[in-house]
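Chains as they are written, first to last, in the numbering used here: chain A, 1 to 355; chain D, 1 to 497.
These are calculated hints, taken from the structure and not from any lab test. Fair warning: there could be bad hints in the mix.
Stated by the list, open to error - Calculated lysine-lysine pairs in the BS3-like style (CA-CA distance at most 30 angstroms, straight line):
1) A:K352 to D:K450
2) D:K243 to A:K336
3) D:K433 to A:K336
Unchecked claim - Output of the computed footprint for chain A on chain D, the stretches with three or more beta carbons under 8 angstroms from beta carbons of chain A:
4) 258-265
5) 379-386
C-beta atoms are modelled at their ideal positions from N, C-alpha and C, and glycine is treated no differently.
What follows is each chain in one-letter form.
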Amino acid sequence: MNPIAHSPHAHAPSSIGKVMLTVMLALAPATVFGFWLYGWPAINLWAVSLIAAILGEAFVIRIQKRAVKPVLMDGSGILAAWLLALSLPPYAPWWIAVLGSLFAVIVGKQIFGGLGQNVFNPAMAARVMLLISFPLEMTTWGLPSTLTSANGLNLIEGLKVTFLSQPVDGMASASLLGHVKTEFTRGIGLDQALVGYFAPMDALSGLRTGSLGETAALLILLGGLFLIARRIITWHAPVAMLLGVAVPALIFSAIDGNHYAGPMVHLLSGGVMLGAFFIITDPVTSPNTALGQFIFGLGCGLLTWVIRTWGGYPEGVAFAVLLMNAATPLIDQYVKPRIYGRDRNGVALPAKKGA
Amino acid sequence: MKLFDRFFSGMRGGVHPEGRKDLSAARGIRAVPLPQKLFVPLQQHIGAPAIPVVNVGDRVLKGQLIAAAQGNVSAPVHAPSSGTIVALGDHVAPHPSGLPVPTFTIECDGQDEWVELQACDDPFALESEDISARVSAAGIVGLGGATFPSALKLNLSRGVQTLIINGGECEPYLTCDDRIMRERATAIVEGISLIALAVAAKEVIVGIEDNKPEAIDAMRSAARASSMKVVAMPSMYPMGSEKQIIQVLTGQEIPAGGRPADIGVLVHNVATAFAVHQAIRFGRPLISRIVTVSGGAIKSPSNVEALVGTPVQELIDFAGGFSQAASRMVLGGPMMGQHITNADIPVVKGSSGILALTADEIGHDEASPCIRCSTCVRACPVGLLPLEMAAHIRGSDLSGAVDLGLKDCIACGSCSYVCPAHIPLVHYFNYAKGDLAAQERSKLKQEATKKLAEARSDRIARIERERAEMMAKRKAAREAKERAAKEAAAKAAEEAV
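Okay, chain D solo, but in the shape it has when bound (with noise of 0.2 angstroms):
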């Protein structure tokens, strides 16, 4: 029985791209130097963009909240460095539209001076409640790339079996993780401990692929003191997933359409786990992450430091330039990361590379006919038959590529990444949950119309019910009056008689 468990427990699927770690992997974490501008975006995170809470003129210190949450999926934004606010107003987003979103321009005044912070000299000594409130007002996201804001996620997450700490980075080429584990273990350990603390998680497992030794090694020893497990995992694409993570860590799958916490499981990332400790044992709000500047068009790769709002042209310059002219630029890992067009664009909370891909890197080639070879099916760790999805999608067929699972998938690559065809899977699949995104909402849209409309009819028809009511009631009165009248001139007639 424990052998068909091993065997059945793992992933499926899955590919080997590339690691290309290399580049950048022995490049310890160096601070980026202060920028002269800071471009800080009101949205960095899943939910309603931030409210701005400063005005522009204002001195703002490092730290300072400058934008509130609002509503109750939003995370704040702080002041990565003192200055002055000179601008609110549109500035190019790291978002493939390249289209503009409402963003601070902070000039600093090169103090880097910090605002007043809250630490707490024996964090294990607060209440779950009171945890999740200082990660909510430190602004913290989910770092691994998906920026949910993670104190939703712990107040949703109370009392979970397992808490799953995500070590796994598969995607190629990055390491900021791995630096971190290496570089800050004992930080890290401490902030695990205090989100396990936050959701009374009964245990902890930290996953780490087994292509970082090192990171392992100091993870272990952080941990040693505590009852956490640090596992290593099999490297592979997508491990770092989170329905893949848990699949592989505790054998057990998150229902479709449901939460980590429907089984008993919260997966955070490594970075969050670090940025949940500056914020608990120092008040330290999340204003800066590490980020991993590589690909074969950048002359020294390194993982950086960097101010939430440094230009991407920043880090670029600091690890060295271009040492050939970049194919594409890339914001994250090859395999989900966004293409840029513009090096103008802030790093942001969710920021974890900054790519310069060479043409040869990117091996991209001119689509050919599909051949059936079901790679696709076989790299699909959701177990999807892409090759039909996107046939169906090339027929305009949405519900039946819905019908085949569209919903299910996790648009990680890999069905993209292995087709010998070259054909773009996934973009197939993203633009067909886009168009039905659209349908969806142009037909909530219609709905509402509707209901104005017949909102407005009845309003009509009730309005001129009432005036004809009225005009009765008048007529009625009016009459009565006229016939009192009558009756009294009458009478008046009679007695006059």
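Pulled out of the complex, with its shape left as it was, chain A reads as follows (with noise of 0.2 angstroms):
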């Protein structure tokens, strides 16, 4: 006899496999803005982060006794070495996404129970560890050298770069917020300090230096209000966020501007389009309602903005958002919806005899 099944009898038409691959598709394009930008060298990059994760995650997983296959097809591994390698400066050795990915998936996530337990984002933790263990490759900025420019690098060179840590022409060159930060050190304002390094149109194109996949800010936009749209993400938590940068980036900038960058330069440097629309979306580690989201988002801004401001860090989203990830437990106990015919503190609503 076939054992009885529980209602309901039908169901969306979802998996957690499709909403991964929904995610890596609203990742493509500044994925692959990013390969164009910084040629062969990202794209090798790319493809070590992701088969390390695989190996790794696989590993993991047999020595656990469970079924492999289950575990690789629902994508979140892979899709956490790919926010992680989108988040390394383009032209870092092969062993730091190689590192940076395990930890992903082994530290990050499996060590906590497998998808859905961890407590923090996975690439977000990978990425701090690789900061704070390898602050020289994890600060080493490039040049943008396109793929389809004269002076390219080639599938030889690039793997070259990757894997021989040879250097490239420009690598001294430094991401807008490091360089900012280095410049006060010397006391030199932002009305200088950005001359030649803050320019608005390049900065939503994503045409500068920085991490592999988080400088081009409108194919960002585009890929969040993709996921928006196909209601994977809702838009709580991204507003909230940049809002949260934005906000005291405007009220500082307008009482010293000198010291203090407006809301563009904070907006479109770094990692906070990527962080608002992938990262801090990862529902595992956010909170469960819309409200709890909101709150979230708008911590993850205000810290990063607080420490790229007075921390010792020039970037301070994944910090920011390790942070807020040990808040989420407390959000979710305190922000909860109304229960219908129930007030906010939980207790029956009155009975109108006679209404």
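Hints given; two lone chains; assemble the complex.
Printed below as a string of structure tokens:
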């Protein structure tokens, strides 16, 4: 006799794998742009990250004596490695990608109990680990050397960059945030520091120095809007994070424009856009409710701005996300939807006799 | 303020399952031919089972009372056709367990001969109590699926502000209410007016989902002469749930643990209103209902009028049988219906649909881990956190799940429907509710046992005490007697000296 199935006897045509695939699809434009902008080393780095994540995850699943295929097929490990790769300096050596990916899927996810159980965003945990452990490699930026330009690196040269740490022309170039921080230490204000470093149009299109896939603000926004349209994510966390960065930036730059960068600089630099649409919308490590997600996003944005402005590191997205990940259970404890027929405190609504 | 109200008075959450109503919506109601045998369970309602009033071997007429209501919460059962009672015993029940329940088996004689009915020419002259009494005698229960005795609801709701008639029919596939509204609108409207009269409702709203424009038109034109409002509601599951339809149509919520009457509302289903009309106007008890036979594995999906007690197989045969092997048979709608494994079960008062679904339609998949995407939170029309509740239940922390609102769950299935991880959330919740009920029962049983044991030891102590007192009394009496005898003997001796 076949077992009795419980209702409902219909199901929406969705699955975890499909959700992850949709997110990857949304990431594709910014990723492909990164490939074009930085050439073969970026492609190599991305591929190495993904392969390391797949092999690493398969290995730990094997030692747990669980079926490997369903775990790999859900795509969450690949996605975490993908997001990590996008946040790496494009000319970073291969072992950075391997270490980061292994850390993301093994320490960031499987040690906590696998998909859905991790407290911290695996990609951001790995990024922070790399940033603290290998500050030099993680902050060595290169000038874009596009795939199609005459002086672009070919495949062999690209492999040399990634696997033999062969330096690229303009390797000493700094990211905008790093540059500003350095200039501050030399007592140079924003009015001079930003010259030649911040061009809003380039920042929008992504033609600037930065991580592999974080620079193309418009393409990331496009991907984010696609995810909102497909109802994979909601607007609450991204909008809140952008507000969390932009509002204090606006207020402080209005008070002292030479010392505090304006909202456009903050929004269009570093990992804010990628963070807002792809990192803090990670369902596992963010709150359950719309209001909770808004608070979470706002916290991520504010902390990012605070770390960038007053902290020791030029970029704060990864730190901010980890800190807010830790606050997620607390937010979920206090922000709960009101239940039908009850008030916010869970007390039954009064009856209206003879109403 | 009005805009604010509009924005917040709608249903929260909800899902848009694929309707699939087009399979059967265009098919008019056809009566299923009289089967040879009818299997009529004694319990087709919430409450106590009815008590048989006829014996095996008796000839019964169509509409004749064969089992009477027992106690306050119960409903009588009538013979759906004329024939002979050939058995009263266990028969497989329309219940997921497949366990048998006490059931009358009637061998139909084919005459379909009615018992003498008590028609009423001027039902609107009836007293309110008289209407409920007739509804009660006709064995009418909520035909939307809840099968709560209707007369009891009328009695508990006298003097409500608003009577809501539920024509939502938000379950996919089902078109039985759609068809009854299209084809029998006049009778339904009269039934509604009678219910309104019985409870002295001040306003009447008929809510119909806007995916049934023909039904809305039919009901509007039938209701033109009356003051009742026919409202088109957005099509969204679970619009037809009592709590949700009240929220959408009145902007009010039933207090937790309360009833609609607590906020001055009474909700009845359209098919129930039709049954009320039949009972009051013609004196006909509830012995048949409209059933949708549909699903991808049914050759010709239909809406049929079936006598209570007709085996499900007869309905499937009447709908042309199977076009392909059904992956799952369901009684009711796909969102809240029951999986059935036996086509011998009879149609009962609460059977709204019989679905033969293909594997594609069910879309079942193995559950994967929860990724906390909170799609279930957005889908929940009650405002619960299904993912958190399921996590607590999985960890055997039932009280934690109760704290999160488990008892407010209406088991609509929206969360399970949308879950991308295919986690059977509602199954968890119903399991937990069942477990809690069992715990509650065993607690009551323990208390009762304890009470009995205490009573027993009290009784034994009392008997001991009484016996001791008795002994003491007897002893005292004996001693007094002996003393008296001794004294008398001494006196006699004295006198004798």
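Verification of the hints:
1. A:K352 to D:K450: violated, 40 angstroms
2. D:K243 to A:K336: holds, 20 angstroms
3. D:K433 to A:K336: holds, 22 angstroms
4. 258-265: Holds, because 4 residues of the segment 258-265 of chain D bring their Cβ atoms closer than 8 angstroms to Cβ atoms of chain A.
5. 379-386: holds (count 6)
Checked against the numbered hints above, the structure breaks only hint 1 and satisfies the rest.
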